[in-house]
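All chains should be modelled from the sequences, with the hints used to inform the complete structure.
Chains as they are written, first to last, in the working numbering: chain A, 1 to 113; chain B, 114 to 231.
Hints in this document: simulated from the structure, not taken from any laboratory.
Worth double-checking, as some hints may not be accurate.
[Unchecked claim] To list a few chain A residues with every Cβ distance to chain B over 12 Å, as calculated: (1) S26; (2) T65; (3) A70; (4) D84.
[Claimed, not checked] Covered stretches of chain B, going by a simulated chain A footprint (3 or more residues, C-beta under 8 Å): (5) 159-165; (6) 220-231.
[Claimed, not checked] Rough simulated footprint, nothing fancy, chain B against chain A, three-plus residues with beta-carbon under 8 Å: (7) 41-48; (8) 89-101.
For each residue, glycine too, the CB sits at the ideal point set by N, CA and C.
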Amino acid sequence: GENVEQHPSTLSVQEGDSAVIKCTYSDSASNYFPWYKQELGKGPQLIIDIRSNVGEKKDQRIAVTLNKTAKHFSLHITETQPEDSAVYFCAASRTDSWGKLQFGAGTQVVVTP
Amino acid sequence: GAVVSQHPSWVICKSGTSVKIECRSLDFQATTMFWYRQFPKQSLMLMATSNEGSKATYEQGVEKDKFLINHASLTLSTLTVTSAHPEDSSFYICSARDFRLAGEYEQYFGPGTRLTVT
Numbered sequence: 001g002e003n004v005e006q007h008p009s010t011l012s013v014q015e016g017d018s019a020v021i022k023c024t025y026s027d028s029a030s031n032y033f034p035w036y037k038q039e040l041g042k043g044p045q046l047i048i049d050i051r052s053n054v055g056e057k058k059d060q061r062i063a064v065t066l067n068k069t070a071k072h073f074s075l076h077i078t079e080t081q082p083e084d085s086a087v088y089f090c091a092a093s094r095t096d097s098w099g100k101l102q103f104g105a106g107t108q109v110v111v112t113p
Numbered sequence: 114g115a116v117v118s119q120h121p122s123w124v125i126c127k128s129g130t131s132v133k134i135e136c137r138s139l140d141f142q143a144t145t146m147f148w149y150r151q152f153p154k155q156s157l158m159l160m161a162t163s164n165e166g167s168k169a170t171y172e173q174g175v176e177k178d179k180f181l182i183n184h185a186s187l188t189l190s191t192l193t194v195t196s197a198h199p200e201d202s203s204f205y206i207c208s209a210r211d212f213r214l215a216g217e218y219e220q221y222f223g224p225g226t227r228l229t230v231t
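Here you go:
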């Protein structure tokens, strides 16, 4: 089955700096890679996703890159703000498995003013 | 759009009792719903995949007789934790997809239900 590894487990950044979270996956058939933000006591919120036919996607301060050959994808947050503080999860899925998501372990991001 | 609700948001029950958690897609029809559990400071672990009108598919290690899942309609799935014990205390989260929308990969998550078994 799919295995997703996520690093780092914690990330402290100064407000205004950039944050990068990296994930690797094992199943070359995976073709959908979403990123979720989870605040304490709440459900995960989809913030950006990328499909295997695309190498990069950007939405304002958030961007995701995908390297299919190396089987890794990354989340980039620029100009971080205190409200970006949360746990971020990467995930991977393949369309022939009902879209079941395999999650990474999560990254606790703390943005200090 | 794409809102998923869960009820209750939190519940406390005594050991040995059963608890039912509801998951509803409010503005779309969910052909497939997923149930996850999450322990403190850990990732989401998939428990089961539920397709409307058919039996749920459970992940390895998840007791289907303990965690009863019913997906009776395109907007509602329920998870019943039977004979709950303190080790079942966790954060239960559902998500939903609409496979009929061509090209739709997204999974929309509910706000979660905090279960505490005393």
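To see whether the hints hold, each was checked on the structure:
1. S26: holds, 16 Å
2. T65: The claim stands: T65(A) keeps its Cβ more than 12 Å from every Cβ of chain B (closest is about 18 Å).
3. A70: A70(A) is indeed farther than 12 Å from all Cβ atoms of chain B, at 22 Å.
4. D84: Given a closest Cβ separation of 19 Å, the condition holds.
5. 159-165: n = 3 at 8 Å, threshold three: holds.
6. 220-231: holds (count 7)
7. 41-48: holds (count 6)
8. 89-101: holds (count 7)
Hint compliance for this structure: no hint is broken.
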